[in-house]
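Novice: So the chains spell out like this:
2 protein chains.
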Amino acid sequence: MALGSEHTLKAFDEDIDRLRGLISEMGGRAEAAITESITALTRKDLGLAAHVVANDHKIDELEAEIEKLVVQTIALRAPMADDLREVVAALKIVGVIERIGDYAKNIAKRVPLIAESSSIKPSTLLPAMAQVAGEMVHDVLNAFAARDASLAEAVCGRDKVVDDFYNSIFRTLVTYMMENPRHITQSAHLLFIAKNIERIGDHATNIAEMVYFAATGQHLPERERGEHPTEPHEE
Amino acid sequence: MALGSEHTLKAFDEDIDRLRGLISEMGGRAEAAITESITALTRKDLGLAAHVVANDHKIDELEAEIEKLVVQTIALRAPMADDLREVVAALKIVGVIERIGDYAKNIAKRVPLIAESSSIKPSTLLPAMAQVAGEMVHDVLNAFAARDASLAEAVCGRDKVVDDFYNSIFRTLVTYMMENPRHITQSAHLLFIAKNIERIGDHATNIAEMVYFAATGQHLPERERGEHPTEPHEE
Numbered sequence: 001m002a003l004g005s006e007h008t009l010k011a012f013d014e015d016i017d018r019l020r021g022l023i024s025e026m027g028g029r030a031e032a033a034i035t036e037s038i039t040a041l042t043r044k045d046l047g048l049a050a051h052v053v054a055n056d057h058k059i060d061e062l063e064a065e066i067e068k069l070v071v072q073t074i075a076l077r078a079p080m081a082d083d084l085r086e087v088v089a090a091l092k093i094v095g096v097i098e099r100i101g102d103y104a105k106n107i108a109k110r111v112p113l114i115a116e117s118s119s120i121k122p123s124t125l126l127p128a129m130a131q132v133a134g135e136m137v138h139d140v141l142n143a144f145a146a147r148d149a150s151l152a153e154a155v156c157g158r159d160k161v162v163d164d165f166y167n168s169i170f171r172t173l174v175t176y177m178m179e180n181p182r183h184i185t186q187s188a189h190l191l192f193i194a195k196n197i198e199r200i201g202d203h204a205t206n207i208a209e210m211v212y213f214a215a216t217g218q219h220l221p222e223r224e225r226g227e228h229p230t231e232p233h234e235e
Numbered sequence: 001m002a003l004g005s006e007h008t009l010k011a012f013d014e015d016i017d018r019l020r021g022l023i024s025e026m027g028g029r030a031e032a033a034i035t036e037s038i039t040a041l042t043r044k045d046l047g048l049a050a051h052v053v054a055n056d057h058k059i060d061e062l063e064a065e066i067e068k069l070v071v072q073t074i075a076l077r078a079p080m081a082d083d084l085r086e087v088v089a090a091l092k093i094v095g096v097i098e099r100i101g102d103y104a105k106n107i108a109k110r111v112p113l114i115a116e117s118s119s120i121k122p123s124t125l126l127p128a129m130a131q132v133a134g135e136m137v138h139d140v141l142n143a144f145a146a147r148d149a150s151l152a153e154a155v156c157g158r159d160k161v162v163d164d165f166y167n168s169i170f171r172t173l174v175t176y177m178m179e180n181p182r183h184i185t186q187s188a189h190l191l192f193i194a195k196n197i198e199r200i201g202d203h204a205t206n207i208a209e210m211v212y213f214a215a216t217g218q219h220l221p222e223r224e225r226g227e228h229p230t231e232p233h234e235e
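Protein chains in written order, with UniProt numbering: chain A, 1 to 235; chain B, 1 to 235.
If we strip away everything but chain A, and leave its shape as in the complex, we get (with noise of 0.2 Å):
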């Protein structure tokens, strides 16, 4: 701390707790929006899809807020070294969740443009990817609470997987829109939906690099950021 005094520690302190309870809560928002735009999806549920929509802007609010409490925590606490890189971290990560969120929205916002059709193929494999991916948040968010290293490079460990279902579900929905030309609109919201799916798990992974860094002061080893995997090409 700049001022180093007993007041000064207990107060950064604080704002510290009240953080990480707010990035929590948000996590858990995200989160839950992932599980439910995916169960608005196989159960066709409308309803349920425009409650993920409406939600969204808590989590926007959530961001707002956490923003204003870093700004503030670094005007009036003058954090240095470990700390200001915590709350800097902090930011980072919140901006990580809200993405999150958008791609939870945008899964919903297309359930109303497929539950029109009768029968789509890979509804097995996209929650079961959802599922993958929606637990990739749960733990980074833990492994960023307990500043777990290894939780968190675990949860990097399982983006393969997702990109796997990613690969397997782009390969079968593009063999679905060449046998049913009719229902190539709809697959392609379904395509959609498994890369927005895909790009959450990315970013529980970048989340699960801040944390590892910000626990060891190491970087994993290299992984380009961001990164898509390569969609089979199949003609």
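To be clear, the hints were calculated from the coordinates, so they are not data collected in a lab. Keep in mind that this is a model prediction, so the values were computed, not measured. Treat each hint with caution, since some may be false.
Because identical chains share one entry, a pair is satisfied inside a single copy or across any pair of copies.
Stated by the list, open to error - Calculated lysine-lysine pairs in the DSS-like style (CA-CA distance at most 25 Å, straight line):
hint	residue 1	residue 2
1	Lys-44	Lys-92
2	Lys-160	Lys-44
3	Lys-68	Lys-58
4	Lys-44	Lys-68
5	Lys-10	Lys-44
6	Lys-58	Lys-10
7	Lys-160	Lys-10
8	Lys-68	Lys-160
9	Lys-92	Lys-68
10	Lys-92	Lys-58
11	Lys-92	Lys-160
Starting from the known structure of chain A, fit chain B onto it as the hints suggest.
Specialist: This is chain B only, laid out in the frame that chain A set:
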């Protein structure tokens, strides 16, 4: 400034100047990546596409350098109020520029997957769309450098043009897929490219909102953040 001395003030101004210079460089690189990725696509130039992918790390490195400078500036100069808000805004803006660079990289990565196919249709709309999105990025960075609220507002206005392009391209591609099932894979890649450009427009708009707020203290009239246009629903 917290300390208010001549010296600290001058040092802070120098930091801000350096910060603006780095952000401008980073933005210029992202802008170039957009143009080059689309040129690579239209000319089926795999070398240029590979160049865009390989160069993305320079954008990431600039982001890391800017973050470091922001943390240093906060720690050493202890900026208050407007100054603190400005450096925190810089942190958010570079996060968005990094994402814009990622989208351009993702476009470039799809070039080899599309290049083999003899003739894919919407080659006129995509470059036109990318040009508008690229100009938005260009203008919003100028608006940031000049703290120009009206230029920032004008950038937001153009997002609708990008969204309209996207909807046209979505329709065209779905029709094309129906008529040419053999080209569904390539068309799906083009769909993702169109979506990437649409997201670039969204992100330029997000930066414009931040610039507008920083310059005026007012929020632009409500517009959902990171909003996707709803694709037409046809079958």
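Novice: Hints first: check each against the structure and report whether it holds.
Specialist: Now the hints, each set against the structure:
1. Taking identical chains as interchangeable, the C-alpha atoms of Lys-44 and Lys-92 are never at most 25 Å apart, the minima being 34 Å within one chain and 36 Å between chains.
2. For the homomeric pair Lys-160 and Lys-44, neither the shortest alpha-carbon distance inside one copy (29 Å) nor that between copies (29 Å) is at most 25 Å.
3. In the homo-oligomer, the alpha carbons of Lys-68 and Lys-58 lie at most 25 Å apart inside one protomer (15 Å), although the nearest pairing across protomers, at 30 Å, exceeds that limit.
4. Taking the shortest alpha-carbon separations for Lys-44 and Lys-68, neither the intra-copy value of 38 Å nor the inter-copy value of 47 Å comes in at or below 25 Å.
5. Taking identical chains as interchangeable, the C-alpha atoms of Lys-10 and Lys-44 are never at most 25 Å apart, the minima being 50 Å within one chain and 60 Å between chains.
6. In this assembly of identical chains, Lys-58 and Lys-10 lie within 25 Å of each other by CA distance neither inside one copy nor across copies; the values are 29 Å within and 40 Å between.
7. With identical chains, the CA atoms of Lys-160 and Lys-10 are never at most 25 Å apart, being 42 Å at best within one copy and 49 Å at best between copies.
8. Taking CA atoms no more than 25 Å apart as the test, Lys-68 paired with Lys-160 passes in neither setting, with 35 Å inside one copy and 30 Å between copies.
9. In this homomeric assembly, Lys-92 and Lys-68 come within 25 Å of each other (Cα to Cα) both inside a single copy, at 13 Å, and across copies, at 13 Å.
10. Taking identical chains as interchangeable, the C-alpha atoms of Lys-92 and Lys-58 lie at most 25 Å apart whether they share a chain (18 Å) or sit on different chains (19 Å).
11. When the C-alpha separation of Lys-92 and Lys-160 is checked against a cutoff of 25 Å, the pair qualifies only within one copy, where the shortest distance is 23 Å, while the shortest distance between copies is 28 Å.
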